[in-house]
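Given chain A's structure and the hints, the job is docking chain B onto it.
Protein chains in written order, with the numbering used here: chain A, 11 to 323; chain B, 11 to 323.
Any given hint could be a false lead.
Pairs count within a copy or across copies, as identical chains cannot be separated in the list.
[As the list claims (entries may be wrong)] In silico PhoX-like pairs for lysine-lysine, Cα to Cα no more than 25 angstroms straight-line:
| hint | residue 1 | residue 2 |
| --- | --- | --- |
| 1 | K235 | K157 |
| 2 | K157 | K236 |
| 3 | K236 | K20 |
| 4 | K236 | K22 |
| 5 | K252 | K131 |
| 6 | K224 | K131 |
| 7 | K236 | K252 |
| 8 | K92 | K135 |
| 9 | K157 | K252 |
| 10 | K235 | K252 |
| 11 | K157 | K224 |
| 12 | K135 | K224 |
| 13 | K69 | K307 |
| 14 | K117 | K157 |
| 15 | K14 | K74 |
| 16 | K131 | K235 |
| 17 | K252 | K14 |
Keep in mind the hints are simulated off the structure, nothing from the lab. Quick caveat: nothing in here was measured; it's all calculated off a predicted structure.
Below are the chains, spelled out letter by letter.
There are 2 protein chains.
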Amino acid sequence: MENKITNLFKIKYPVIQGGMVWCCGWRLASAVSNNGGLGLLGAGSMTPDLLREHIRKCKSATDKPFGVNVPLIYREAEGIIKTIMEEGVKIVFSSAGNPKTWTKQLKDQGITVVHVVSSSKFALKAEEAGVDAVVAEGFEAGGHNGKEETTTMALIPQVRRATGLPLIAAGGIATGAGALAAMSLGADGVQIGTRFALSEESSADIRFKEHCTKLEEGDTLLALKKLSPTRMVRNPFFARVKEAEDRGAPADELLQLLGQGRSKTGIFEGDLTEGELEIGQIASLIDGIEPVETIMKQIVEEYNRALGLLRAW
Amino acid sequence: MENKITNLFKIKYPVIQGGMVWCCGWRLASAVSNNGGLGLLGAGSMTPDLLREHIRKCKSATDKPFGVNVPLIYREAEGIIKTIMEEGVKIVFSSAGNPKTWTKQLKDQGITVVHVVSSSKFALKAEEAGVDAVVAEGFEAGGHNGKEETTTMALIPQVRRATGLPLIAAGGIATGAGALAAMSLGADGVQIGTRFALSEESSADIRFKEHCTKLEEGDTLLALKKLSPTRMVRNPFFARVKEAEDRGAPADELLQLLGQGRSKTGIFEGDLTEGELEIGQIASLIDGIEPVETIMKQIVEEYNRALGLLRAW
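Just chain A, same shape as in the assembly:
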């Protein structure tokens, strides 16, 4: 199987592991790359020094391509970009920020650059900035999210129509059937976050993983829309946010309620009460914590099985 995405990254399957904060160290990224996908280190929860360590360990753990995800508004972004260049990483996924800031410099170093967007308008801005591909991420995705609330089903065909760039679909995709749906909508590949965040190799706390695999439909919601819309699990912290939002609390008060480091508290330290538990809506479809090898095999098998069931009209 070969297409724009497998050729761009030199990988076997057009499956990218989302570079989520607190989940994506060298163990997860190398496992995904070793199993035919593209693993990403999640630099948004690392210092430049820690990232350097993860890049080096990832290189020891796989001879396959891997990349780094950088949220451009992260206060350490400049140091992260510098580290990426120094360590010779060949693939960068940028998100949450202006793609014009770093794309040219990265491209000049021979780095493949992909930007994550939540709308066709931002896809065109990324194209103007010179990126090699875009990830279009729908409303169902975990964590930070677009203000337009466009779902993957509605977003992908619109980004497909807007740009000829290689297009990776994200948000709500956890299985082979989901990947096939995304390809049907015109994507060239998929980015899978939630399912890998809940894999054995993810560095999220086991309590976070176990809790997320027991969620039911409706157990995550988009909150903090007056700050930056964020999908999180309904837990006691969420309940306080919702209470404040329902009575019209201003952005300041929400910012104070959020405080510092809540996603670390929830995802990395496993505090299910006080933490901000960022995970995608599709978590309710996932029932167990599995190794990446099993997940990748299942996705590919399910994709092919679901494809075999489709009939012409």
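Showing chain B alone in chain A's frame:
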């Protein structure tokens, strides 16, 4: 092409036209049925007498199967159900209410009953009530919507896993590629609302249709969550709702702001300022007002073309 849905309704393509309020009279329903799909009369904006007239006109306009959509919480629901039985309609889609109330009586009259749900839990309740199929409708759909905010991409595989009933996907589907995505996720058919609401045969006001075909991504949002979550276009009425919601207005105040008949004002009378303009998120993908014959042909052609582009992994 034959499957559970084409066999259940005796139709050519597994494409159902959503039975939206103010859009779906005999012209639209008969056009969809005459072109190989299943047309539905939208009884939620009709008196029983008006429905009787539409049923009779629909019968004169097509010899193909058609049905009626009934929102069960509608104050005229009982009269509507009575009219359906008296006029010998063979297919009922019920929504917004308890499927136990009428399903048995309808089934006893030999009527095929389908219920619209927004979650697996409600799909199981519908199955218990004895329905013949379910429509699972995602967050991207226009008008009234589930509290769980589950998108079509996340919802369909979960309803598929929960029940063996014939499954119709709805929400965000307007093209053949969207239909193929839904079938990839495990649906047996699709319900298309927005695209038919904006067709030539739809009874919505031309100003509403023209406005909706010019929308961009992010131009519809879910509002009125303290009453009943409803997707509508951002217009001056929406802005007043949002202002009230942002400052924490209670349900009472929102109810008063909403008042009576706002969806009629917007959709049927074409008041783009004061009306509640209910339409799906996928409206931004639709650029023109076309006849149903063209729409159905395009959907089938696009479906087959998109299927032909899929490759095994």
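task: Taking the numbered hints from earlier one at a time, note which ones the structure violates and give those numbers from smallest to largest.
output: Of the numbered hints given earlier, those the structure breaks are 3, 4, 14 and 17, listed in rising order.
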